[in-house]
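Protein chains: 2
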Amino acid sequence: MRRYKIVLAYDGTNYSGYQLQTNGIAVQQVLEEALAYLNRSPVRAFGSSRTDAGVHARGFVAHFDLDKPIPPANLVRAVNARLPADVRVMKASYARKDFDARKDAKGKEYRYGIYNADILPPELAPFWAFQHRPLDVKAMQAAADYFVGKHDFASFAANPKREIETTVRTIFSCTVKKAGPKILIVVKGDGFLYKQVRSMAGFLVRVGLGEEKPEAVRDLLRDVPPRTARVPTAPGRGLFLQKVFY
Amino acid sequence: MRRYKIVLAYDGTNYSGYQLQTNGIAVQQVLEEALAYLNRSPVRAFGSSRTDAGVHARGFVAHFDLDKPIPPANLVRAVNARLPADVRVMKASYARKDFDARKDAKGKEYRYGIYNADILPPELAPFWAFQHRPLDVKAMQAAADYFVGKHDFASFAANPKREIETTVRTIFSCTVKKAGPKILIVVKGDGFLYKQVRSMAGFLVRVGLGEEKPEAVRDLLRDVPPRTARVPTAPGRGLFLQKVFY
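In order, the protein sequences belong to chains A and B.
Residues 1408 to 1653 in this note's numbering are what the first sequence spells out, letter by letter.
Residues 1408 to 1653 in this note's numbering are what the second sequence spells out, letter by letter.
Source of the hints: derived by calculation from the structure; they are not laboratory data.
Check each hint, because a few of them may be wrong.
Unchecked claim - Straight line, CA to CA, 20 angstroms or less: simulated DMTMM-like cross-link-like pairs of lysine to aspartate or glutamate:
#  : chain 1 : residue 1 : chain 2 : residue 2
1  : B       : LYS1589   : A       : ASP1493
2  : A       : LYS1498   : B       : ASP1543
3  : A       : LYS1589   : B       : ASP1493
4  : B       : LYS1498   : B       : GLU1516
5  : B       : LYS1498   : A       : ASP1525
6  : B       : LYS1513   : B       : ASP1630
7  : A       : LYS1650   : A       : GLU1572
8  : B       : LYS1510   : B       : ASP1552
9  : B       : LYS1595   : B       : ASP1525
10 : A       : LYS1595   : A       : ASP1493
11 : A       : LYS1504   : A       : ASP1597
12 : A       : LYS1545   : A       : GLU1622
Said to hold, decoys possible - Listed next, with one range per pair, are the computed distances between beta-carbon atoms:
#  : chain 1 : residue 1 : chain 2 : residue 2 : range
13 : A       : ALA1488   : B       : LYS1620   : 27 to 33 angstroms
14 : B       : LEU1591   : A       : PRO1639   : 55 to 61 angstroms
15 : B       : LYS1513   : A       : ASP1525   : 25 to 31 angstroms
16 : A       : ASN1421   : B       : ASP1507   : 52 to 58 angstroms
17 : A       : ASN1430   : B       : VAL1575   : 33 to 39 angstroms
18 : A       : HIS1539   : B       : VAL1575   : 43 to 49 angstroms
Unchecked claim - Away from chain B, derived, C-beta distances all over 10 angstroms, residues of chain A:
#  : residue
19 : ARG1465
20 : ALA1492
21 : ARG1495
22 : PRO1528
23 : ALA1532
24 : VAL1555
Backbone N, C-alpha and C define an ideal beta-carbon position, used for all residues, glycine too.
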């Protein structure tokens, strides 16, 4: 028996998220099927996060044990040969036997992409949210600056009551950059509530449209009870889990 | 009644090609449905090419007539509002009443993309062919040079007997460029046989793998009867129709 850590990339368009669901196909399901074939018995692959339906990943992390260990490089080839093209093991390594992809994570980096032009080219549609009205990127960055630090993000959770422990999280950095029609929000933090990044992105878009002032973020971070009604959830397809830090 | 010329982009993944088919959904079908709604009566949209199942477009051209003309800019917005996200009208203009998207075309530009690395990232899978064995780009360019000029391309047609008139075509240019793991074949010509670009790309990959010499292209262009058995058809998903010249 050996424990493995893998880095997973996927196009989430056709999945209900990473975690096994009663509705829809989960990334975990196709991964576990490929691993079970290799291991000749069922394998449970524990992920670093859930990720929502339609959300993508470039650096998702999972851990699992194999009864019949094989070298990590061979594992990458063998698993990829059995996975659909929209899920790929990018890296694999042996891990210590108590390594836990979720509990050991020190932080995560997400990227949210918004295409800001008259028309969204079809080839970008699976990976970019779309806004045809001009966005004020400076105002968005000013608002993003208020996210940085340790705050109660209850107003930026889809359902604050769903969070089992606390709604306090620490954001290490949050930048908004524009390159032509592409606006990228990159956010790093120690952890994220359910739909938090999409709520932050949804609110930043409202700021970019002039519907809210940047300072509104500061107020929402103080509001108890939370005021999620002012905070729309941006579509899942614009979101990538970029990296998990250990 | 006014005639329009439009430039169309589409992600061909979920389509049987541009042209109406008995099997699968064609891009023409979703376009004509959107136009018929606007026009309040059926509209036939004639394309510059057929394009195969799974092939993409950035600069496909079509023409059609509307009984109830509207300004081109309004047409773009109105049609895009009714099209699925994987098909977009990028531009529209009035055309002279005998403009024909297919017959008036003076040439076309295609781009074929091959991702040459150990692993194909999932987000590129819809738009790039994949080859994990290293490709010799210099040999591919040397082979591509033989395509340029006026030749009988019967050996590079999926079914030479299907071509109604002649299998002679003129290639204006054919370049093979590498940027990191991305290899792009760009080919311009006055017209293309059924699956010609994919056959050219398929053969260039064989040259890149060292399975054929660059000079083999010259010989195949002279072979009568054609020798299509040596020429594999590269997958449709790597192909984009980039531009149609008038």
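Hint check:
Between LYS1589/B and ASP1493/A, the direct Cα distance comes to roughly 18 angstroms. Compliance with the 20 angstroms bound is thereby established for this hinted pair. Between the alpha carbons of LYS1498/A and ASP1543/B the distance comes to roughly 26 angstroms, so the proposed pair goes past 20 angstroms and is violated. With a CA separation close to 18 angstroms, the supplied pair LYS1589/A and ASP1493/B stays within the 20 angstroms bound. Straight-line distance between C-alpha atoms of LYS1498/B and GLU1516/B comes to about 18 angstroms, which keeps the hinted pair within the 20 angstroms bound.
Taking the CA atoms of LYS1498/B and ASP1525/A, the gap is about 11 angstroms. The hint holds against a cut of 20 angstroms. Straight-line distance between C-alpha atoms of LYS1513/B and ASP1630/B comes to about 27 angstroms, which puts the hinted pair past the 20 angstroms bound. Annotation: proposed proximity of LYS1650/A to GLU1572/A is violated, straight-line Cα distance about 24 angstroms (limit 20 angstroms). A C-alpha spacing of about 28 angstroms is found between LYS1510/B and ASP1552/B, which places the hinted pair above 20 angstroms, so the restraint is violated.
This hinted pair does not check out: LYS1595/B and ASP1525/B have alpha carbons roughly 30 angstroms apart, beyond 20 angstroms. Only pairs whose Cα atoms come within 20 angstroms are accepted, and LYS1595/A paired with ASP1493/A is rejected, the gap being roughly 25 angstroms. With a CA separation close to 23 angstroms, the supplied pair LYS1504/A and ASP1597/A exceeds the 20 angstroms bound. For the suggested pair LYS1545/A and GLU1622/A, the alpha carbons sit about 13 angstroms apart, so the restraint of at most 20 angstroms is met.
Checked against the hint of 27 to 33 angstroms, the pair ALA1488/A and LYS1620/B passes, with Cβ atoms roughly 31 angstroms apart. Judged by the Cβ atoms, the range 55 to 61 angstroms given for LEU1591/B and PRO1639/A is violated: they are separated by roughly 39 angstroms. The given range of 25 to 31 angstroms is respected by LYS1513/B and ASP1525/A, whose C-beta atoms sit roughly 28 angstroms from each other. With their beta carbons about 39 angstroms apart, ASN1421/A and ASP1507/B fall outside the hinted range of 52 to 58 angstroms.
Evaluation of the 33 to 39 angstroms hint for ASN1430/A and VAL1575/B yields a failure: the beta carbon distance comes to about 55 angstroms. Take HIS1539/A and VAL1575/B: their Cβ atoms lie about 46 angstroms apart, and the range 43 to 49 angstroms holds. Against the 10 angstroms criterion, ARG1465/A falls within the reach of chain B, whose nearest CB is about 7 angstroms from its own CB. Not every CB of chain B is more than 10 angstroms from the CB of ALA1492/A (nearest about 4 angstroms), against its label as outside the interface.
For ARG1495/A, the condition that its CB be more than 10 angstroms from all CB atoms of chain B is violated, with the nearest at approximately 5 angstroms. Listed as a non-interface residue, PRO1528/A fails to keep its Cβ farther than 10 angstroms from every Cβ of chain B; the least gap is roughly 6 angstroms. Against chain B, the non-interface label of ALA1532/A is violated: not every CB pair exceeds 10 angstroms, the least being about 4 angstroms. Against chain B, the non-interface label of VAL1555/A holds: every CB pair exceeds 10 angstroms, the least being about 28 angstroms.
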